[in-house]
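Chains U and F, in that order, are what the protein sequence lines are. Mapped onto the working numbering, the consecutive letters of the first sequence carry residue numbers 1 to 112. Mapped onto the working numbering, the consecutive letters of the second sequence carry residue numbers 1 to 114.
No lab work stands behind these hints, which were simulated from the structure alone. Please note that a few of the clues may not be correct.
Unchecked claim - List time: in silico DSSO-like cross-link candidates among lysine-lysine, alpha-carbon distance up to 27 Å:
(1) U/Lys68 / U/Lys104
(2) U/Lys81 / U/Lys107
(3) F/Lys66 / F/Lys42
(4) F/Lys42 / F/Lys14
(5) U/Lys107 / U/Lys76
(6) F/Lys41 / F/Lys64
(7) F/Lys42 / F/Lys64
(8) U/Lys104 / U/Lys81
(9) U/Lys104 / F/Lys66
(10) F/Lys55 / F/Lys66
(11) U/Lys57 / U/Lys81
(12) F/Lys14 / U/Lys104
(13) F/Lys41 / U/Lys104
(14) U/Lys76 / F/Lys42
(15) U/Lys107 / F/Lys41
(16) F/Lys66 / F/Lys41
(17) U/Lys104 / F/Lys42
(18) F/Lys41 / U/Lys76
(19) U/Lys81 / F/Lys41
(20) F/Lys41 / F/Lys14
(21) U/Lys81 / F/Lys42
(22) U/Lys76 / U/Lys57
(23) U/Lys107 / F/Lys42
In this text, all values refer to a predicted model and were calculated from it rather than measured experimentally.
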Amino acid sequence: GQNIDQPTEMTATEGAIVQINCTYQTSGFNGLFWYQQHAGEAPTFLSYNVLDGLEEKGRFSSFLSRSKGYSYLLLKELQMKDSASYLCAAPGAGAGSYQLTFGKGTKLSVIP
Amino acid sequence: GAVVSQHPSRVICKSGTSVKIECRSLDFQATTMFWYRQFPKKSLMLMATSNEGSKATYEQGVEKDKFLINHASLTLSTLTVTSAHPEDSSFYICSAREGAQGYTFGSGTRLTVV
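This is chain F alone, in the form it adopts within the complex (with noise of 0.2 Å):
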């Protein structure tokens, strides 16, 4: 089946640091991806479209000048948390979606800030 690399799986970096996060579709082309982020017992929150070739979309609330998104290829979409702060340590999700019914997501990566 269709398989989402998602890395690094954790990363602990320093407050004002800058991370980035890869995702990638290992056997398919993704024009789309999604990139959720999950807080502790709380369900998984959707950041933004990732869409190849163009901007992404960012839901309401999410600062795109903070997490940045590139989606330059139909294989990898990354997410660049600037400037992180210890209130930006979550769990990051992306998902690609393969034809009408299919969503597969990566392994998820924990950042931690400190």
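Here chain U stands alone, though its shape is the one from the complex (with noise of 0.2 Å):
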């Protein structure tokens, strides 16, 4: 099965940067993803992880350790638009088992 941890709440400064940790156990790896959602609304893609290392995508960067069941998604220079939940998740990795798992999602609030 698949079990995804990440923080409920976290809250930041604007301009600031912040750092949300994702811990991931699963049956197999098929990579992990990050997703940004605001309230009442679907969730948008930020990033895909398959191999180690960090990803930076704009003020939005993404690490991974496989080793270590390890993800974190690094949000630069915050803005008040960032305030939204960010959601850790990981495909099935069985043949066929393509479903998205995620974890419960982090809260962050920006603030001035």
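Both chains come to you apart, so use the hints to assemble them.
Right under this line is the structure:
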């Protein structure tokens, strides 16, 4: 099965940097996703990591360590609009089992 | 990029009635679609995997007779909530998988049962 764990809530200041951690235990590994979700809206794709290391994409970066079952999402130069829930998700690894399992999400509040 | 269209975006229905939610892949064929439910301040919980031309696979605890899924074509999956009750009020989201890495989500349906 899949078990994904991330903090429930975080607060950070506008302009700062915040790191949202995610630990996972999965039966097999088929990559790790990060999504952003604003209240009442569908998730939007942020990143996908399948190899170890840091992938940078503008203000957002994502890191993966497969040996540690650990990932983080790094948000730089925080803006008020970054206030949202951030979801860590992993797809199934068995044949034909590609459904995404989501963590509970980290609600990020950006304050002035 | 890939687009998934989900309708309706909001629906209010009376207790005991049925509601159908549609999920369409607009520019790609989706042999597999996923239906999620999300309660307020909670994460997305997978309800079922919809397979084109075959029966859906339901997650443990999800009543297949209550949440009817039909995936009759490569671009359309429907979820029908039958005999809806207030506790079925939730945010329902569909997702389609395109290729090895691409998961595209519909915009979600806010169901309120009164």
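Here's how the hints hold up against the structure:
1. U/Lys68 / U/Lys104: This hinted pair holds, its Cα atoms lying about 20 Å apart.
2. U/Lys81 / U/Lys107: 13 Å, holds
3. F/Lys66 / F/Lys42: Answer holds: F/Lys66 to F/Lys42 is near 22 Å, not above 27 Å.
4. F/Lys42 / F/Lys14: 24 Å, holds
5. U/Lys107 / U/Lys76: 16 Å, holds
6. F/Lys41 / F/Lys64: OK: F/Lys41 and F/Lys64 at ~25 Å, within 27 Å.
7. F/Lys42 / F/Lys64: Since the Cα atoms of F/Lys42 and F/Lys64 sit roughly 22 Å apart, the hinted pair holds (cutoff 27 Å).
8. U/Lys104 / U/Lys81: 21 Å, holds
9. U/Lys104 / F/Lys66: 25 Å, holds
10. F/Lys55 / F/Lys66: Holds - the C-alpha atoms of F/Lys66 and F/Lys55 are around 14 Å apart, at most 27 Å.
11. U/Lys57 / U/Lys81: OK: U/Lys57 and U/Lys81 at ~17 Å, within 27 Å.
12. F/Lys14 / U/Lys104: Violated - the C-alpha atoms of U/Lys104 and F/Lys14 are around 30 Å apart, more than 27 Å.
13. F/Lys41 / U/Lys104: 9 Å, holds
14. U/Lys76 / F/Lys42: Holds, at roughly 26 Å.
15. U/Lys107 / F/Lys41: 9 Å, holds
16. F/Lys66 / F/Lys41: The given pair, whose Cα atoms are some 24 Å apart, holds under the 27 Å limit.
17. U/Lys104 / F/Lys42: 6 Å, holds
18. F/Lys41 / U/Lys76: 25 Å, holds
19. U/Lys81 / F/Lys41: 18 Å, holds
20. F/Lys41 / F/Lys14: Holds, at about 24 Å.
21. U/Lys81 / F/Lys42: 20 Å, holds
22. U/Lys76 / U/Lys57: This hinted pair holds, its Cα atoms lying about 11 Å apart.
23. U/Lys107 / F/Lys42: Given that 27 Å is the threshold and the Cα spacing comes to 10 Å, the pair holds.
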